[in-house]
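Mind assembling these two chains? They're in different frames, but the hints should get you there.
The residues making up each chain are set out below.
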Amino acid sequence: MLHAIGLGLGLSALWLLLSGFFEPLLLSLGLVSVVLCVYLAHRMDVVDHETIPLHIGYGIISYFVWLTVEVAKANWAVTKVILSPKMVLNQSFITVPTDQSDDLGRVIYANSITLTPGTITVEIEPGSFLVHALTDDAADMEALADMGARVTAIEGNA
Amino acid sequence: MIDWLTPYIDPALDVASWICFIIGGFYLIVGSIGMIRLPDFWARLHGAGVVDTLATELFILGMILQSGWSIVTIKLVLIGVFLFFTSPTSTHAVANAAWLAGIRPKNMKQQAPLTGNQEKSS
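If you're matching them up, the sequences are chains A and B in order.
Here our numbering is used: the first residue of the first sequence is 1, the next is one more, and so on.
Here our numbering is used: the first residue of the second sequence is 1, the next is one more, and so on.
The shape of chain B in the complex, shown without the other chains (with noise of 0.2 Å):
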């Protein structure tokens, strides 16, 4: 019923993934880029971010495309999974790390609420 399918569904498979490469290569440059121009480390932080989330995340999407039905998909999967869980841990530990090292971002404009109950109305 759907044979005349058959021969299109590797082309389209591929194009899938590339697209995925090509989304995620750009974000990776564009993560690389604030990784450079932001000024300071906690700035730099959220620009690692975006290689750390979309970028990883839309390469394994395109290699999983690429693979096809077996056990690689799961490993790609689970190595997908295994990111989305540690990568904030990781980068929370970093951060709480230079937050009790006393560095704090430049040009901030209010200072850091340290015990914090100021702004919780909203």
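Isolated chain A, as found in the complex (with noise of 0.2 Å):
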């Protein structure tokens, strides 16, 4: 119920910023169609803790501020691997365990170290990502784990 609720609130927000609005009755069509949605989206099942994670808290918002910091630094390291005349690439699959306890942090520790130039995670096992790297500077186990223990951080403070 909770879950449906902050669906319904987050709906209801979006169609308010997008269409700018405040009119009565576009108002009500509106609220119609977010009715709606969580109708529809309770009927397949879909409504729950993953779909609707309410217990990510406000570290989620520094978690991407850092992210995105290292996404920047990621951008120039692969920048000067391209740019420079003769490159040094040194490709390697790498195993990343992860200790994260349900799959929505897995699945932020995955997309956060695709999002990172220089390292793409191609296939996620029980426990652990393999992960491609570009370079051996890519490969950095210690900055890889570094990220999935702040992605731990994020879901412990539930």
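Read the hints as simulated data drawn from the structure, not as lab findings.
Treat the hints with care, as some may be off.
Said to hold, decoys possible - In silico contact screen, one side only, chain B against chain A (beta carbon under 8 Å); selected entries: (1) 33; (2) 73; (3) 89; (4) 91; (5) 99; (6) 101.
Claimed, not checked - Quick look at which bits of chain A chain B covers, simulated, 3 or more residues with Cβ under 8 Å: (7) 2-10; (8) 17-28; (9) 73-80; (10) 86-99.
Said to hold, decoys possible - From the derived model, a few chain B residues whose C-beta atoms are all more than 12 Å from chain A: (11) 16; (12) 52; (13) 57; (14) 66.
Ideal Cβ placement from N, Cα and C applies to all residues, glycine included.
This is the structure we're talking about:
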């Protein structure tokens, strides 16, 4: 029930922000569509903690800020590789252990790894990811483990 | 009190958004060069990643600075957020399909750890 209310509030906010209309007729049409969406989502049995992650707190915002900085740094590293006259690649597949407790945390971690250029999550196995790294610098297990610890910390704040 | 600032705000925003566009364009070109120069599928994914992440987000940031406070700003922010979430997902889908199809990098120094418990020590 809490998740359904959260979904309804989120959809209403999205509707208002995207339409910008505040006339009674359009507002009621928006309300009808929000209720219909929540009902459909409930019928599809997808209203749960995964689709509406209410338990992820404000920590996610500082995490995304940190991640943006990491993405910028990784972009610069890949740029240097691309523009160097003699490209020094050392491609490898590495196995990164994961200790996130649920699928949502694992998705955040895997997407964060893929989002930083130089590393791409290729395969998800129980307890670990298979990650493709472009260079030796990108295949930095300590940096990846640090990222994983941050994701676990967001989850832990539930 | 800050009236004297008013005539400078619009030019300052213009300059800031132009900086975003120029840096974004630089990364767009670098990513495209990477797509051509890098030797194989796996390496090219990383070149595309540069365009996917920093280049597009910088363009959107530049457009936000141009649009001022309006409903367009919110829509641009939402586009940026959705790109932030969906682009790694699609990259993963492509990479996973290539992995399952048996495509492997050229000149790889080591064999892929298929079961992958050898390197767990770190």
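So which of the earlier hints does this model not fit?
2, 6, 7, 12, 13
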